[in-house]
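Visitor: Residue-level listing of the chains:
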Amino acid sequence: MANEAAAHDHHDDHKPAFWTRWLCSTNHKDIGTLYLATSMIAAIVGGLMSWYLRLELAEPGIQFIDDFQFYNVLVTAHGFVMVFFVVMPAMIGGFGNWFVPLMIGAPDMAFPRMNNISFWLLAAGLILLIMSALIGDGPGTGWTVYPPLSSSDFHPGPSVDFGILALHVAGASSILGAINLIVTIFNMRAPGMTIHRMPLFVWAILITAILLLLALPVLAGALTMLLTDRNFGTAFFNPAEGGDPILWQHLFWFFGHPEVYIIILPAFGIISQVISTFSRKPIFGYLGMAYAMSAIGVVGFVVWAHHMYTVGLSVDTRAYFTAATMVIAVPTGIKIFSWLATMWGGSIKLEVPMLYALAFIFLFVVGGVTGITLANASADLVMHDTYYVVAHFHYVMGLAAILGMFSGFYYWIGKMSGRQYPQALSKLQFWVFIIGVNILFFPQHFSGLAGMPRRIPDYPDAYAGWNYLSSVGALITAVGTILFFVVLWKTLRSGEKVADNQWGEGATTLEWTVASPAPFHTFEDSPDMTGKAPAE
Amino acid sequence: MLKRLFALIPAGVLGLFASVANADTVMRSKPWQLWLQDPKSPSAEAVYDLNVYLLVIEVVIVLFVLALMCYILLRFNEKANPVPSKTTHNTLLEVVWTAVPILILVVIAVPSLKALYLADHTTDAEMTLKVTGNQWYWSYTYPDHDEIEFDSIIIEEEDLKEGQPRLLSVDNPVYLPVGTNVRLLLSSNDVIHNWAVPSLAIKLDTMPGRTNETWVSINEPGDYYGMCSELCGVNHGFMPIHIKALPKEEFAKWVAKAKVEFASNDNAPKSTTVRLAKADVATR
Amino acid sequence: MSKRVQKNGRFAFILFALVGGMIGLSFASVPLYRLFCQVTGYGGTPQIQAEAEPPSVSERVIKVQFDANTNPKLPWRFKPLQREVTVKLGEEALVFFEAENLSDKSTMGRATFNVTPYKVGLYFNKVDCFCFDEQVLKAGQVVPMPVQFFVDPEIFDDPTTKEVKTITLSYTFFQAEDETVSDNVTDRSTEVEVSLRAVARDVVNTF
Chain A
1 MANEAAAHDH HDDHKPAFWT RWLCSTNHKD IGTLYLATSM IAAIVGGLMS
51 WYLRLELAEP GIQFIDDFQF YNVLVTAHGF VMVFFVVMPA MIGGFGNWFV
101 PLMIGAPDMA FPRMNNISFW LLAAGLILLI MSALIGDGPG TGWTVYPPLS
151 SSDFHPGPSV DFGILALHVA GASSILGAIN LIVTIFNMRA PGMTIHRMPL
201 FVWAILITAI LLLLALPVLA GALTMLLTDR NFGTAFFNPA EGGDPILWQH
251 LFWFFGHPEV YIIILPAFGI ISQVISTFSR KPIFGYLGMA YAMSAIGVVG
301 FVVWAHHMYT VGLSVDTRAY FTAATMVIAV PTGIKIFSWL ATMWGGSIKL
351 EVPMLYALAF IFLFVVGGVT GITLANASAD LVMHDTYYVV AHFHYVMGLA
401 AILGMFSGFY YWIGKMSGRQ YPQALSKLQF WVFIIGVNIL FFPQHFSGLA
451 GMPRRIPDYP DAYAGWNYLS SVGALITAVG TILFFVVLWK TLRSGEKVAD
501 NQWGEGATTL EWTVASPAPF HTFEDSPDMT GKAPAE
Chain B
1 MLKRLFALIP AGVLGLFASV ANADTVMRSK PWQLWLQDPK SPSAEAVYDL
51 NVYLLVIEVV IVLFVLALMC YILLRFNEKA NPVPSKTTHN TLLEVVWTAV
101 PILILVVIAV PSLKALYLAD HTTDAEMTLK VTGNQWYWSY TYPDHDEIEF
151 DSIIIEEEDL KEGQPRLLSV DNPVYLPVGT NVRLLLSSND VIHNWAVPSL
201 AIKLDTMPGR TNETWVSINE PGDYYGMCSE LCGVNHGFMP IHIKALPKEE
251 FAKWVAKAKV EFASNDNAPK STTVRLAKAD VATR
Chain C
1 MSKRVQKNGR FAFILFALVG GMIGLSFASV PLYRLFCQVT GYGGTPQIQA
51 EAEPPSVSER VIKVQFDANT NPKLPWRFKP LQREVTVKLG EEALVFFEAE
101 NLSDKSTMGR ATFNVTPYKV GLYFNKVDCF CFDEQVLKAG QVVPMPVQFF
151 VDPEIFDDPT TKEVKTITLS YTFFQAEDET VSDNVTDRST EVEVSLRAVA
201 RDVVNTF
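Residue numbers (my numbering), protein chains in the order written: chain A, 1 to 536; chain B, 1 to 284; chain C, 1 to 207.
Because the hints were derived from the structure by calculation, they are not lab data.
27 Å max Cα-Cα, derived DSSO-like pairs, lysine-lysine: (1) A/349 / B/86; (2) B/114 / C/162; (3) B/244 / B/259; (4) B/259 / B/248; (5) A/349 / B/79.
Short derived list, chain A residues pointing at chain C, Cβ under 10 Å: (6) 110; (7) 179; (8) 183; (9) 184; (10) 218; (11) 219; (12) 224; (13) 225; (14) 240; (15) 254.
We treat Cβ as the ideally placed atom computed from N, Cα and C, and that holds for glycine.
Make a model of the complete structure from these sequences and hints.
Guide: Laid out in structure tokens, this is it:
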């Protein structure tokens, strides 16, 4: 019996040779690792860009970046890198690939080879994006790429075209990944694991994948139109030839708004797992949570024009989008309260993943309420295109989503690597990072309220105070980021070995029933989940 | 009432930093400013009040969540509560925390939509100001005053005079009469720009091939500043807006002077070529 | 192929089709968007009524002001010949703009237009205007450009538009891409003169 088990383990752990394993992977865990590694590299690239920007903005006047096209290129690249090459790959490609099959008891994803293509398309996209910044003058359009600024009249040369290509490639990567995840989740759950029994992280990834499927093609269409406008004489967005720049904005934001839910939903999923584990209680109101996420996904498709309140939309249109945008606060509130209710009556252990999850909840609420101000077209009038907007989206994306990623990292690194993170250093990393990002972004609310516009390399002297403080925060955040990489290094090199279920009775999902590190092949035979306690 | 009370807090804080009041209002950000610039037009007052109202609600929500979290951490950490409960449902609670946010949103939406429709109400304007965005400066035309037309270009740092704020000063400010409904027509000669003056609650995109319209009525004489608010290329940060609001009689005197100084130049693109040449050099 | 693989394959096919559908929809948005603006008047899109029967003329009046823009690439001077007109609702009005080619070669221009405030788009009816075609001006040529329109009396029945007292009609002339204009092109000014006479005749006949 023992021999059989040993032989079975050996078979489970049989890995291909190095180059085959890492270049031609068809293993969801390895591909997940590749995504996480790429995300970390991109985080350094995107982070360096933002620290350089903050270095320039620390004091009034121009000290370091006197080429303002380059400044605009940095702003553009920072946005694209963070959204498309840090958060999305880490959450969906990284944690999604690693843990969705494990959580549903599937041996791998539905299409393992397409999974590999998805990853390598992403890597190609990142390289193309970096090239777009280095070739020609670079795309200085902001991540929103509005024509006519992005048209060939005002951005001649290949830069914007390279950027468009990069986004097409990254978009294809995500669409293929989304198809893979949807088919896997619907078709490959272990027997007995009904849709209403799968973990909330899987729900989150499923809804995210559906949003990707429906929103990314619209971006692809719009990008193609911009490409043909720039190179093949079409006039979708050129008013001189009968086109309309506002059409771009509608198409872009029809994608752009679901995109921000794509960014945050996986974090919601991670937080549900972490809160439940470290309160040693099942999530309160499982069904409410699942359907709140679905509602957020659906409503997220009909609110896009709140990004366009100042283009000159009719007053009825603005009124509708104000109301619809505020509706999203309801399911979001349900989630926040459900997390709090999960902790209520629980037995809370303040491990590092839980620290991050708690910070997530509070800081997401802060970011969310500034969103309420921005949702109102009348109030937004003085906030649009100011640093108040920058503060808002960094709180919900740069703080909350990133905190969700850190929470997932600390929660699952033991399962992925078999080693535990160093406790004291990780707690230090948490505090330094949290303090850093708050000092970085909170003052931006004030400079925005006072009227400082976005995307400018220098500002009137009155904004100096908050900008200096914000740049100090950026420095502290940089230290916190470096500390993270130290934590990563120490964990992988000399971390303590962990048990299969290092978190105890609170960790009830299937990944905790396999060894740590998870064997190369898991659940070759599906676990029988019939009759097991329902997730709710 | 509560709203008025809370409005005093940011105003009070602002008061701490305000310099000695001048005879004329100067509306731009002050150092370490915590809140919006003071409203100086009817729309701006509505927007300002709405924002104070929203701030109160939002602060209450954040503090409420914070308080709950602190209580939870104190009362239910593993030392204080070693045995977790198994409660995962409470229908009443779930109904309450769905219904109450809906109520809060309605309470927000009603004044918000009122303010929105109020700002849209086009009172009849006594004059029109035409604003055209260019890379990287604004052009102003007065179609009701003999087509006075001029460009408003940023004053470079080395040319600033005493008292002129850096990055906000222009060679030709736009003059408008106080207490007058002014129709604003906004368009662009190249890319999308945005004409924004925070203290007057004006912010509207200027687009090529399209004319946007809004209106403003400035409450008191003074200097009102703003900055371009839509990324428009390398000098996006260097095309400020400076409105000088004058009492009606003084505005009429200015019009007479301006008709001579800015004799209509028939739309010739002379100033455009000058500016483009400057902007080709990426540095300011 | 195992059943599971077949099932997965079929599902993936459906999802790919969905992706294709969304791309198709985004391209369909181009004509749909234009249609939507035309039908609803959103964005200040005036109604085009080439052969409309204007509704009965009301005694109420409204002011219409005119605005003209020229894109810097086009070397023309383009201005309205009147700052404003006061018209009765339902009454057809004829106004003129003037364009002058300031350069020394023939150039072709194309105009875009909208009315403000945007909400009156549904009630502003253009019967005839120069914006429907490209205009060619020879070097130094000056051409009057007519616009015939009426404002629908229903504007005062609509609660959102009844407070509007002034409408602005704004044109922007751009350089049309096909720059190679030879001087063999039909003399546009004669055409304009002819259509002007026809319009003048119509106006005279109406009253």
